[in-house]
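Student: The whole structure should be built from the sequences, with the hints applied where relevant.
What follows is the residue order along each chain.
There are 4 protein chains.
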Amino acid sequence: MTPELLTDQPTPERPARQRLPAIVRVTQILDAALRVFSDKGFAAARIDDVAAAAGLSKGGVYTHFTSKEEIFGALLTRLMLPLHANRPPLHPDTAVTVDVLVRQVVAPMYDSLGDPATALTLRLMLADGARAQQLVGQWREMVVEPYLADIQQLLQRGAAQGHLRRGVLLREPRLVLSPGVHTMLELLVQGTLDATAMERQRKAHIAMLRELLEP
Amino acid sequence: MTPELLTDQPTPERPARQRLPAIVRVTQILDAALRVFSDKGFAAARIDDVAAAAGLSKGGVYTHFTSKEEIFGALLTRLMLPLHANRPPLHPDTAVTVDVLVRQVVAPMYDSLGDPATALTLRLMLADGARAQQLVGQWREMVVEPYLADIQQLLQRGAAQGHLRRGVLLREPRLVLSPGVHTMLELLVQGTLDATAMERQRKAHIAMLRELLEP
Amino acid sequence: MTPELLTDQPTPERPARQRLPAIVRVTQILDAALRVFSDKGFAAARIDDVAAAAGLSKGGVYTHFTSKEEIFGALLTRLMLPLHANRPPLHPDTAVTVDVLVRQVVAPMYDSLGDPATALTLRLMLADGARAQQLVGQWREMVVEPYLADIQQLLQRGAAQGHLRRGVLLREPRLVLSPGVHTMLELLVQGTLDATAMERQRKAHIAMLRELLEP
Amino acid sequence: MTPELLTDQPTPERPARQRLPAIVRVTQILDAALRVFSDKGFAAARIDDVAAAAGLSKGGVYTHFTSKEEIFGALLTRLMLPLHANRPPLHPDTAVTVDVLVRQVVAPMYDSLGDPATALTLRLMLADGARAQQLVGQWREMVVEPYLADIQQLLQRGAAQGHLRRGVLLREPRLVLSPGVHTMLELLVQGTLDATAMERQRKAHIAMLRELLEP
DNA sequence: AATGAATGAGTTTTCATTCAT
DNA sequence: GATGAATGAAAACTCATTCAT
Numbered sequence: 001m002t003p004e005l006l007t008d009q010p011t012p013e014r015p016a017r018q019r020l021p022a023i024v025r026v027t028q029i030l031d032a033a034l035r036v037f038s039d040k041g042f043a044a045a046r047i048d049d050v051a052a053a054a055g056l057s058k059g060g061v062y063t064h065f066t067s068k069e070e071i072f073g074a075l076l077t078r079l080m081l082p083l084h085a086n087r088p089p090l091h092p093d094t095a096v097t098v099d100v101l102v103r104q105v106v107a108p109m110y111d112s113l114g115d116p117a118t119a120l121t122l123r124l125m126l127a128d129g130a131r132a133q134q135l136v137g138q139w140r141e142m143v144v145e146p147y148l149a150d151i152q153q154l155l156q157r158g159a160a161q162g163h164l165r166r167g168v169l170l171r172e173p174r175l176v177l178s179p180g181v182h183t184m185l186e187l188l189v190q191g192t193l194d195a196t197a198m199e200r201q202r203k204a205h206i207a208m209l210r211e212l213l214e215p
Numbered sequence: 001m002t003p004e005l006l007t008d009q010p011t012p013e014r015p016a017r018q019r020l021p022a023i024v025r026v027t028q029i030l031d032a033a034l035r036v037f038s039d040k041g042f043a044a045a046r047i048d049d050v051a052a053a054a055g056l057s058k059g060g061v062y063t064h065f066t067s068k069e070e071i072f073g074a075l076l077t078r079l080m081l082p083l084h085a086n087r088p089p090l091h092p093d094t095a096v097t098v099d100v101l102v103r104q105v106v107a108p109m110y111d112s113l114g115d116p117a118t119a120l121t122l123r124l125m126l127a128d129g130a131r132a133q134q135l136v137g138q139w140r141e142m143v144v145e146p147y148l149a150d151i152q153q154l155l156q157r158g159a160a161q162g163h164l165r166r167g168v169l170l171r172e173p174r175l176v177l178s179p180g181v182h183t184m185l186e187l188l189v190q191g192t193l194d195a196t197a198m199e200r201q202r203k204a205h206i207a208m209l210r211e212l213l214e215p
Numbered sequence: 001m002t003p004e005l006l007t008d009q010p011t012p013e014r015p016a017r018q019r020l021p022a023i024v025r026v027t028q029i030l031d032a033a034l035r036v037f038s039d040k041g042f043a044a045a046r047i048d049d050v051a052a053a054a055g056l057s058k059g060g061v062y063t064h065f066t067s068k069e070e071i072f073g074a075l076l077t078r079l080m081l082p083l084h085a086n087r088p089p090l091h092p093d094t095a096v097t098v099d100v101l102v103r104q105v106v107a108p109m110y111d112s113l114g115d116p117a118t119a120l121t122l123r124l125m126l127a128d129g130a131r132a133q134q135l136v137g138q139w140r141e142m143v144v145e146p147y148l149a150d151i152q153q154l155l156q157r158g159a160a161q162g163h164l165r166r167g168v169l170l171r172e173p174r175l176v177l178s179p180g181v182h183t184m185l186e187l188l189v190q191g192t193l194d195a196t197a198m199e200r201q202r203k204a205h206i207a208m209l210r211e212l213l214e215p
Numbered sequence: 001m002t003p004e005l006l007t008d009q010p011t012p013e014r015p016a017r018q019r020l021p022a023i024v025r026v027t028q029i030l031d032a033a034l035r036v037f038s039d040k041g042f043a044a045a046r047i048d049d050v051a052a053a054a055g056l057s058k059g060g061v062y063t064h065f066t067s068k069e070e071i072f073g074a075l076l077t078r079l080m081l082p083l084h085a086n087r088p089p090l091h092p093d094t095a096v097t098v099d100v101l102v103r104q105v106v107a108p109m110y111d112s113l114g115d116p117a118t119a120l121t122l123r124l125m126l127a128d129g130a131r132a133q134q135l136v137g138q139w140r141e142m143v144v145e146p147y148l149a150d151i152q153q154l155l156q157r158g159a160a161q162g163h164l165r166r167g168v169l170l171r172e173p174r175l176v177l178s179p180g181v182h183t184m185l186e187l188l189v190q191g192t193l194d195a196t197a198m199e200r201q202r203k204a205h206i207a208m209l210r211e212l213l214e215p
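Protein chains in written order, with the working numbering: chain A, 1 to 215; chain B, 1 to 215; chain C, 1 to 215; chain D, 1 to 215.
Be careful, since some hints might not be right.
As the list claims (entries may be wrong) - Partial chain B-side listing against chain A, Cβ under 7 Å, derived:
no.	residue
1	Glu69
2	Gly167
3	Pro173
4	Leu185
5	Ala204
6	Met208
Simulated from the structure, these hints should not be mistaken for lab results.
Cβ coordinates follow ideal geometry from the N, Cα and C atoms, glycine included.
Tutor: Quick look at the structure:
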């Protein structure tokens with residue numbers, strides 16, 4: 001805090017136009033867009049809002065995107081990508097017990113519920129889904145289906161090992177996720193869900209899997 | 001300009017579309033509004049869209065409502081009315097088996113998935129959640145909670161009768177609904193779900209309940 | 001001018017929103033657009049200008065046209081139509097002398113040069129022609145070509161009657177118009193052409209036709 | 001940060017497009033501007049368009065010009081320069097026949113129609129006439145008038161020599177050019193004119209001159 | 001009651017120009 | 001000299017709402 005340095009620094013009236021590499025700006029704009037779109041929905045969100053939230057001018061946004069629609073598309077694309085990579089690394093021949101299933105599938109699911117981006121993504125898909133029908137289709141195909149296939153494989157291995165009972169879940173791996181999806185929807189409809197409730201639902205979910213899968 | 005000629009001449013110049021009683025029009029407009037709002041969300045919906053969907057002109061809508069907000073409000077009110085009556089007819093002291101549970105709970109749920117109004121309402125709650133906070137609150141209070149209480153009572157009766165096994169579902173009746181909610185979300189995200197897929201999910205749901213509840 | 005009538009008439013602050021039938025408004029808007037576009041060119045013309053010139057609000061213009069481009073298209077279409085109908089009604093077997101040719105072809109041409117709309121149309125076609133390439137093509141086909149065919153027929157009839165000499169013009173009726181087109185271009189480039197110059201060029205045009213056509 | 005390393009390392013990170021001497025760049029930019037302005041008109045032309053057409057970036061254009069207007073001005077200036085020199089080489093006292101006239105006047109005219117710059121310049125004068133008033137004035141004064149005077153002199157010499165007939169063209173040398181001007185306008189309106197049509201019109205032009213001038 | 005032209009207050013989009021790198 | 005991100009002032013366009021008919 002050397003006073004001398006500050007003394008003859010004329011405070012620039014304009015905050016010294018930030019000039020960042022495009023990739024950084026695009027990221028900032030998408031971050032801002034996520035916040036704004038999720039808050040007000042796509043239609044009600046103004047480009048000014050996004051620009052302000054991203055810390056640049058309206059025109060600046062248009063340096064990187066050609067339209068509001070394009071921002072929406074880029075945002076959804078970015079939101080869906082990570083889900084892709086998130087799948088647990090395959091495991092050789094460890095015993096597949098319910099505990100393992102919980103660790104590999106259930107826990108990450110409830111963890112992601114804590115991440116606001118998850119709710120936001122889902123809300124965007126639901127609220128403005130029509131606008132993104134194609135993207136949603138791709139997402140199903142590239143992310144959801146392989147994920148379910150993975151779970152099914154896990155279950156079958158567990159059953160083959162005699163660690164899991166053969167029941168509906170073996171045929172319908174979707175059901176493994178249902179209680180979590182249910183929670184997610186509640187979270188979405190209500191806006192929040194207190195930690196206690198969340199924890200209780202997680203426990204119930206696990207208990208249910210035990211009843212269905214333990215031999 | 002013979003007066004006689006004018007007297008019984010129906011003026012055919014103006015098409016003079018339907019002039020219907022107000023109650024009919026209001027109903028038509030709200031039906032249209034539900035469709036349009038659910039489809040595009042409140043903000044993106046144009047009064048013209050609602051008017052067109054209701055089969056009258058923009059100005060015609062304003063004959064019955066003073067603003068877009070008012071239409072939204074009236075729509076919420078109307079959506080809430082049936083909520084009070086909707087609960088399944090109470091049951092005396094019949095044996096509560098899984099079959100009964102399916103008939104009382106699961107079947108109606110999948111039936112309602114077929115009704116567009118269900119999806120539309122849910123989508124409205126998700127897309128314009130903030131605006132529809134009132135709807136969301138009332139819906140929880142008037143529909144979800146009593147419904148769950150009902151189910152819990154059923155389950156406990158069945159358990160007391162020895163027809164149902166005591167498991168997680170007894171403590172967490174939510175789980176009885178989870179697979180159906182999961183299906184509903186898929187329906188919402190994808191826009192449609194073919195009859196085959198729906199039937200399969202219904203069967204899996206029932207099978208799961210059997211595994212969890214049959215003694 | 002009965003004072004009583006005026007006394008308790010509160011002068012309405014707002015000038016009593018004009019409400020005219022669409023056809024009238026469309027006409028007014030196109031009139032205004034002709035003036036504005038010709039004055040500043042399509043690109044530099046603002047919708048506000050057109051609206052102001054037409055005596056309504058910007059939004060009012062959009063009640064009748066969906067875009068600036070559409071106004072341009074409608075304007076050019078309207079400007080080109082009359083040229084179509086303008087062709088002299090065919091005449092049975094009158095003698096076709098140079099005088100007749102002048103009366104039927106040359107005179108109307110120079111008359112139309114006096115009409116500002118002619119210059120404006122041409123200017124629009126030239127300045128913003130790329131935008132209207134298709135329209136220009138249609139115009140050639142529907143208006144220009146038949147017009148030239150007409151002239152050629154006239155010339156050949158005159159020649160057959162022995163009233164006109166057989167020369168280039170018989171093969172190339174375009175040339176009948178060339179001096180007039182030349183004048184038109186000068187008019188366009190310079191913005192105006194004084195009456196004296198115009199008259200002189202008209203006379204020269206006729207004299208040339210005489211030299212080429214009189215036997 | 002070894003200085004040695006930096007010394008002879010060509011920095012390949014930035015493509016560092018051509019860094020050319022200013023005069024070259026200015027020429028390229030004006031070439032580009034002529035194309036772009038003629039194509040879309042001054043108002044509709046974007047600096048980006050000009051820059052792209054000149055093969056550099058928007059900012060690069062501003063290194064050489066301070067505004068769009070300045071580019072326009074410089075372009076006009078450059079377009080005017082050749083006007084001074086363009087006049088056909090003077091002719092001593094050769095016999096002036098129609099053939100000579102064709103060689104001296106008609107041929108160069110149709111040749112220049114092939115040169116895009118001609119059409120471009122004319123279109124510029126027409127489209128942005130108000131803005132190019134200066135160009136228009138100078139062009140008349142420096143090109144058109146002397147050119148017509150030249151032609152008139154030629155014609156009179158030919159007539160005096162008995163090689164040319166005394167007719168309207170002697171009084172109105174403009175008419176010598178009219179068919180060519182007509183062709184130019186068609187070229188302008190249509191964007192292109194195939195070689196066959198052009199050749200045919202040239203021949204008709206010459207034939208007409210013969211009919212008017214040969215004794 | 002109904003229509004549809006008209007308004008005006010936004011909102012999106014464009015682009016000449018600036019400037020940090 | 002050159003680039004391209006950023007700005008800001010304008011322009012195009014949208015749409016809830018009003019109102020003459």
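Student: None of the hints should be skipped; say for each whether it holds.
Tutor: Hint by hint, here is what the structure shows:
Taken as an interface hint, Glu69/B does not check out: its beta carbon lies about 13 Å from the nearest beta carbon of chain A, beyond 7 Å. Hint on Gly167/B holds. Least Cβ distance to chain A is approximately 5 Å, under the 7 Å limit. Taking 7 Å as the C-beta cut-off, the interface hint given for Pro173/B is violated, the closest approach to chain A being about 10 Å. The interface hint given for Leu185/B holds, since its Cβ lies 6 Å from the closest Cβ of chain A, which is under the 7 Å cut-off.
Interface hint status for Ala204/B: upheld, as the beta-carbon distance to the closest one in chain A is roughly 4 Å, under 7 Å. A cut of 7 Å between beta carbons decides the hint on Met208/B: the least distance to chain A is about 5 Å, and the hint holds.
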